[in-house]
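A.B. asks: Sequence:
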Amino acid sequence: MAEFTLHDLQCFDAVIRTGGFQPAAALLHRSHPAVFAAVAKLERQLDLVLLDRGGYRVRPTEAGLSFHRRAQSLLRELEGLRVHAAQLSMGEESEIHVVIGDLCPRPQVLGMLGRFFAQCPGTRLHLHFEAVGGPWERLFDDEADLILHWVDKGDARVEWVDLCKVPFIPVVAPGFLPEGIKEPITPDQLQALTQCVMRDTARHSPQQNYSLIEGAPQCLVADQGMKKEIILQGLGWGHLPRFLIEEELGDGRLHSIAGRHMPGRTEELVVARRRDRPHGPVANRLWDHVQQEAPALRLALEPPRTAS
1 MAEFTLHDLQ CFDAVIRTGG FQPAAALLHR SHPAVFAAVA KLERQLDLVL LDRGGYRVRP
61 TEAGLSFHRR AQSLLRELEG LRVHAAQLSM GEESEIHVVI GDLCPRPQVL GMLGRFFAQC
121 PGTRLHLHFE AVGGPWERLF DDEADLILHW VDKGDARVEW VDLCKVPFIP VVAPGFLPEG
181 IKEPITPDQL QALTQCVMRD TARHSPQQNY SLIEGAPQCL VADQGMKKEI ILQGLGWGHL
241 PRFLIEEELG DGRLHSIAGR HMPGRTEELV VARRRDRPHG PVANRLWDHV QQEAPALRLA
301 LEPPRTAS
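Residue numbers (my numbering): 1 to 308.
Since the hints were derived computationally from the structure, they do not count as laboratory data.
Taking lysine-lysine pairs in the DSS-like style, the calculated list, with each CA pair at most 25 Å apart, reads:
hint	residue 1	residue 2
1	Lys165	Lys228
2	Lys182	Lys228
3	Lys165	Lys153
Per label pair, the in silico range of CB-to-CB distance:
hint	residue 1	residue 2	range
4	Pro217	Glu79	44 to 54 Å
5	His126	Val49	48 to 58 Å
6	Glu79	Pro174	52 to 62 Å
7	Cys120	Gln191	48 to 58 Å
Built from N, CA and C at the ideal position, the CB exists for glycine as well.
Model the full structure from these sequences, guided by the hints.
C.D. replies: What follows is the structure, encoded as structure tokens:
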């Protein structure tokens, strides 16, 4: 059996993934005849029929499916090797782009970044502040080296490290609720009241909404600090991260309306980056630094213990 080439495998994989020679050619930026010839050559070399060409769309045969499963492992290993080689060849980066999401406790996160970049005078930090789906979009638009936010942990393109859990609590200022509303509060009771919500900064991704009451008037804000101030002034109600309102909950300037109908939610703050992109030495050191700082961040965000 003659040896097949990496190009042959890539063409076969693309045909399986796209369902045809023409879309495979477009994916690989090759001509249709070149992809067709590569797959035909692979079949001759293996003495196997890998594709059923009898229908409208080509389909893998049983042998083709089995061979493709093994080929995918090899192609993934190759891509990992390419990324590793790219990382080895990179010098220290002149700039790093970090996106801070709206889940982040900014003093602690900015302090963590400040301590790191004080040791990297040759690398400029570009900070971006995004909300809701904005950090995720920046990451996948290749506009961020890493993000501090929540992620879809089922996405194989992303690697992440858990930093801490961030509870969000529905709160109001004293006197905001009309007379007659009794706890436990239901969403229906809040429908006529202004809900303060974060504006999704994603530019082209589907807008994401959390804990919204359908039909309620809304006040859109750009950051959690503005949201907190609006709620404190009795101009609306909303969910705020607990780390931002511990003092106000303690002294009565804010009141939790959490209950069985309005339980609040908990988000997982992570540091995340693309698994399928090369990372230079400064980005890798920053990744390690954030992981090392994670225990201190968790400790700083723990609710204060009350004396018994």
